[in-house]
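*Asks:* Sequence:
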Amino acid sequence: MVKAVRVHEHGGPEVLKWEDVEVRDPNEGEIRLKQKAVGLNYLDVYMRQDLFNLSPPLPYTPGMEGAGVVTAVGAGVTSCKVGDVVAYASPQVGSYAEERILPAGLAVPVPSSVDPVEAAAVIFKGLTAYLLIRRAFKVERGHTILVHAAAGGVGYLVCQWANVIGATVIGTVSTREKAVQAKEDGCHHVILYKHENFVDRVMEITSGKGVDVVYDSIGKDTFNGSIACLKKRGYMVIFGFASGEPDPIHVAQLASKPVYYTFSSIRNEDNREELHAAAVELFSNIAKGVLKVRVNHKYPLSQASQAHTAIESRQTTGSVVLIPDEE
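The working numbering numbers the first residue of the sequence shown as 1 and each following residue consecutively.
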């Protein structure tokens, strides 16, 4: 028996229960993992609350990202061996546990130059950032981008990555403390959206031209303003709904300013080879110091409910990780 967080009913952070569970031996194509660290993602909150049809059947163990040591491999597994340190961003929940079973194809090797805690903190969010700036809209030198929640778990990585590419980065944050971090992470302009009209500031910064792309995870709080910030044929890229799903777009809204609108998530990516290649690039950039991982908040795995309370109330910056209690 090992310990894990279990959800038996949907609701607030209090539904996260610390319980004993059994972990079976790996079947063909699977590995057993002793976790070193578990990443916390806002998708975990959506599932717990049963929002957007994302929740798996009850009961379940939450979590889709982590890093740990392989302790057993099933038949046919050649991509890793017992003793290897691997990380994963999995569409299958189950990471809020001391040990878990995982399809071997989802695990990527963690180089010795990268701390497993950093790997757990960054794997899901880093791959998301990669998709945002490489696939949903390919950021290039000279582009101007707007990143909402620029000090958040995905936002701070997008800011760093886009800055290295050579884009002009505008970020929105809620506090002056977060503004300091956003500046450190490559934002050329930081907007305190609770004190400033971010649309007016974006237009001032861009001399009325608008931005090439907006990356937005906040949802209905910023949606209409984000569209107003775009250039003609700019890209609106949504990657989450932290404040709830925005209202539908009316065709009339696009009559005066045609824009592209898309949603990007690694949950929708089924090309594992490409994601593995993206993970290699991600870890390489971390090892070289191109990307700085901010593990700003660590909680014992048994206190996952406190971590959920903190992330929902926007008390966190950077990445939040859960550490198995015996680590």
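These are calculated hints, taken from the structure and not from any lab test.
All of these numbers come straight from a predicted model, not from anything done at the bench.
Heads up, a few of these hints could be off.
What the hints assert, rightly or not - Okay, derived cross-link-like pairs now, BS3-like style, lysine-lysine, Cα gap no bigger than 25 Å in a straight line: (1) 17 x 232; (2) 183 x 257; (3) 138 x 3; (4) 288 x 209; (5) 3 x 34; (6) 257 x 232; (7) 257 x 298; (8) 298 x 183; (9) 292 x 257; (10) 298 x 138; (11) 288 x 298; (12) 194 x 138; (13) 183 x 194.
Unchecked claim - Okay, the calculated beta carbon distance ranges per label pair: (14) 274 x 325: 33 to 39 Å; (15) 82 x 203: 56 to 62 Å; (16) 1 x 50: 36 to 42 Å; (17) 74 x 315: 39 to 45 Å; (18) 75 x 52: 33 to 39 Å.
The beta carbon of each residue, even a glycine, is placed where N, CA and C say it ideally should be.
*Asks:* Determine for every hint whether it applies to the structure shown.
*Replies:* Hint by hint, here is what the structure shows:
{"no.": "1", "hint": "17 x 232", "in the structure": "violated, 49 Å"}
{"no.": "2", "hint": "183 x 257", "in the structure": "violated, 31 Å"}
{"no.": "3", "hint": "138 x 3", "in the structure": "violated, 42 Å"}
{"no.": "4", "hint": "288 x 209", "in the structure": "violated, 35 Å"}
{"no.": "5", "hint": "3 x 34", "in the structure": "holds, 11 Å"}
{"no.": "6", "hint": "257 x 232", "in the structure": "holds, 6 Å"}
{"no.": "7", "hint": "257 x 298", "in the structure": "violated, 44 Å"}
{"no.": "8", "hint": "298 x 183", "in the structure": "holds, 23 Å"}
{"no.": "9", "hint": "292 x 257", "in the structure": "violated, 37 Å"}
{"no.": "10", "hint": "298 x 138", "in the structure": "violated, 33 Å"}
{"no.": "11", "hint": "288 x 298", "in the structure": "holds, 24 Å"}
{"no.": "12", "hint": "194 x 138", "in the structure": "violated, 29 Å"}
{"no.": "13", "hint": "183 x 194", "in the structure": "holds, 17 Å"}
{"no.": "14", "hint": "274 x 325: 33 to 39 Å", "in the structure": "holds, 36 Å"}
{"no.": "15", "hint": "82 x 203: 56 to 62 Å", "in the structure": "holds, 57 Å"}
{"no.": "16", "hint": "1 x 50: 36 to 42 Å", "in the structure": "violated, 28 Å"}
{"no.": "17", "hint": "74 x 315: 39 to 45 Å", "in the structure": "holds, 40 Å"}
{"no.": "18", "hint": "75 x 52: 33 to 39 Å", "in the structure": "holds, 37 Å"}
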